[in-house]
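2 protein chains.
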Amino acid sequence: MLPGPEHTLPAAVDSETRVTAADHMALRLWLRLLACTNLVEAPLRTRLREQFSSSLPRFDLMAQLDRHPQGLKMRDLSRRLMVSGGNITGLTDRLVAEGLVARSDDPNDRRAYTVKLTALGQQHFSAMAQDHEAWIAGLFGGLDGSQQAQLFELLGELKASLPERD
Amino acid sequence: MLPGPEHTLPAAVDSETRVTAADHMALRLWLRLLACTNLVEAPLRTRLREQFSSSLPRFDLMAQLDRHPQGLKMRDLSRRLMVSGGNITGLTDRLVAEGLVARSDDPNDRRAYTVKLTALGQQHFSAMAQDHEAWIAGLFGGLDGSQQAQLFELLGELKASLPERD
Chain A
5 MLPGPEHTLP AAVDSETRVT AADHMALRLW LRLLACTNLV EAPLRTRLRE
55 QFSSSLPRFD LMAQLDRHPQ GLKMRDLSRR LMVSGGNITG LTDRLVAEGL
105 VARSDDPNDR RAYTVKLTAL GQQHFSAMAQ DHEAWIAGLF GGLDGSQQAQ
155 LFELLGELKA SLPERD
Chain B
5 MLPGPEHTLP AAVDSETRVT AADHMALRLW LRLLACTNLV EAPLRTRLRE
55 QFSSSLPRFD LMAQLDRHPQ GLKMRDLSRR LMVSGGNITG LTDRLVAEGL
105 VARSDDPNDR RAYTVKLTAL GQQHFSAMAQ DHEAWIAGLF GGLDGSQQAQ
155 LFELLGELKA SLPERD
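Just so you know, the sequences run in chain order A and B. All you need for the working numbering is the position in the first sequence, starting with 1, plus 4. All you need for the working numbering is the position in the second sequence, starting with 1, plus 4.
Hints should not be assumed to be uniformly reliable.
Same chains, same names: a pair is fine if it fits in one copy or spans any two.
Stated by the list, open to error - Computed cross-link-like contacts, DMTMM-like style, restricted to lysine to aspartate or glutamate with a CA-CA straight-line distance of at most 25 Å:
id, residue 1, residue 2
1, 163, 54
2, 163, 135
3, 77, 168
4, 120, 161
5, 163, 113
6, 163, 109
7, 120, 135
8, 77, 109
What the hints contain is simulated information worked out from the structure, not anything from laboratory work. Because the structure is a prediction, the values reported are computed rather than measured.
Work out the full structure: start from the sequences and follow the hints.
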């Protein structure tokens, strides 16, 4: 078998390198979208770990609670999370133990307790979120404002056309 | 505190719903990118499970081996995977047990064994890949060819500007 195109690519290796010219545009587009997501997530994970001893699922969870100061039921929290791989119950237990999250029972439904950030949790999240936003601005800084706006629009079209999550 | 904008949004809830108008473009762009990735991944996971009793990490692993018929060392395989959350050693063990993947030792480095698809594994992957590509074409079908090409270009710019993965 003749060497495929992957043998002449530069050293960087990612999900896109599995595509051959024969693959269709939608598949190439999907693999590039996934590669970009991974390439942004990787430094975020590293920085959250190194600078805040935190993780992306933990940051994500606190971000959702920060947006809902009245608190969220566990099932609503779970629907809103965007980073997979975190054990929500385990993460929440740890945040409660650290005093960053408070849990209150719903007297009408004992399984449907509500969680919210404590004042300490708000402070802690706020510091992380400020740095997180600066990291994101830096990671997307290779695109100018007009390219970012164009990309935002196109992804908006795509998103509107995709089936909604359960 | 006054209700935030999230209270007037339609029922669909995803990672983007945590953004307020005050957030910056790069952050909004990132959350939309992540939301799109999640919205594509979710039906892929469901269909791979329901129609092939498979998973996205397992499909990803076989896709990389399919692209490298000469086989891959475990560490190269690991670098090429694009879906996180799979236990690569465990996945490989299972694929070997099912006769879909073969493992061969490197006599020079016993830790650096090579894995490749068996003939059965190639057949199995090929059937999945055909359906997978049709699913992707369907999921991205809300964008016409010109929009797909534009999105592909913009993501290419973004990707080229992002730090490479280790």
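Going down the list of hints, with the structure as the test:
no., hint, result
1, 163 - 54, "between (33 Å within a copy, 24 Å between copies)"
2, 163 - 135, "between (27 Å within a copy, 22 Å between copies)"
3, 77 - 168, "within (21 Å within a copy, 38 Å between copies)"
4, 120 - 161, "neither (33 Å within a copy, 39 Å between copies)"
5, 163 - 113, "neither (35 Å within a copy, 47 Å between copies)"
6, 163 - 109, "neither (35 Å within a copy, 45 Å between copies)"
7, 120 - 135, "within (22 Å within a copy, 43 Å between copies)"
8, 77 - 109, "within (10 Å within a copy, 51 Å between copies)"
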